[in-house]
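Chain by chain, the residues:
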Amino acid sequence: KQEVTQIPAALSVPEGENLVLNCSFTDSAIYNLQWFRQDPGKGLTSLLLIQSSQREQTSGRLNASLDKSSGRSTLYIAASQPGDSATYLCAVSPGSARQLTFGSGTQLTVLP
Amino acid sequence: ETGVTQTPRHLVMGMTNKKSLKCEQHLGHNAMYWYKQSAKKPLELMFVYSLEERVENNSVPSRFSPECPNSSHLFLHLHTLQPEDSALYLCASSQDLGKTGEKLFFGSGTQLSVL
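Chains as they are written, first to last, in the working numbering: chain A, 1 to 112; chain B, 1 to 115.
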């Protein structure tokens, strides 16, 4: 059974700092990995999706990398802003969206 | 606005009440999902519908009863819930079911408290 772990569970950084969020998964037989953002009491917004054949994806200040063989992904946030404060979740799937396995998330607070 | 709307946003109910959660998607998608998110736990997939037909029920207790009258609407009927059912219930949709690399679009959720 696939298990997804995100460490740390919570992170607090000063504004402007570059930071890395970590995600690890136990079964490397995945088709894709997604990073989501969740604001308090809200739904999830997809940030980046990496296919298993890719090594990374970039969107603005966000860069996600995938090392399938070691079962790891990182989400790099450059020049963090208070508006980046949210919970970031990663999820992996061997195929379709219905097969997604989610991590518990990292709660990020960016202090002004 | 993500295109997936959930109502109500908050719900408090007693253990003997009957209530319903509603989800509507305006994206023209064919697949809809119910997820449960408990505090500090990963999202748990509850039900999946494709073209109004239920295709997955992840061992969810019968006190949760889903209904999908058409491809744009999804309901979750609740009755005789337990306090441990208190959670954020999220609805999601995707263009199709079973397509690899499909993205999910989530609603804002219903925060449910069972007293």
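Think of the hints as simulated: they come from the structure by calculation, not from any bench.
Small disclaimer: the values here were computed from a predicted structure and weren't measured.
Misleading hints may appear alongside valid ones.
[Unchecked claim] With a cut-off of at most 27 Å between alpha-carbon atoms, the simulated DSSO-like pairs for lysine-lysine come out as follows:
{"no.": "1", "chain 1": "B", "residue 1": "Lys19", "chain 2": "B", "residue 2": "Lys41"}
{"no.": "2", "chain 1": "A", "residue 1": "Lys1", "chain 2": "B", "residue 2": "Lys41"}
{"no.": "3", "chain 1": "B", "residue 1": "Lys40", "chain 2": "A", "residue 2": "Lys42"}
{"no.": "4", "chain 1": "A", "residue 1": "Lys68", "chain 2": "B", "residue 2": "Lys19"}
{"no.": "5", "chain 1": "B", "residue 1": "Lys18", "chain 2": "B", "residue 2": "Lys103"}
{"no.": "6", "chain 1": "A", "residue 1": "Lys68", "chain 2": "B", "residue 2": "Lys22"}
{"no.": "7", "chain 1": "A", "residue 1": "Lys1", "chain 2": "B", "residue 2": "Lys36"}
Each hint tested on the structure:
1. Restraint check: the Cα-Cα separation between Lys19/B and Lys41/B comes to about 24 Å, which is no more than 27 Å; the hinted pair holds.
2. Pair hint Lys1/A plus Lys41/B holds up; C-alpha atoms about 16 Å apart against a cutoff of 27 Å.
3. Restraint check: the Cα-Cα separation between Lys40/B and Lys42/A comes to about 15 Å, which is no more than 27 Å; the hinted pair holds.
4. A C-alpha spacing of about 43 Å is found between Lys68/A and Lys19/B, which places the hinted pair above 27 Å, so the restraint is violated.
5. Using a Cα cut-off of 27 Å, the hinted pair Lys18/B and Lys103/B is violated, with the two alpha carbons roughly 33 Å apart.
6. For a cut-off of 27 Å, the pair hint linking Lys68/A to Lys22/B is broken: about 38 Å separates their Cα positions.
7. With a CA separation close to 19 Å, the supplied pair Lys1/A and Lys36/B stays within the 27 Å bound.
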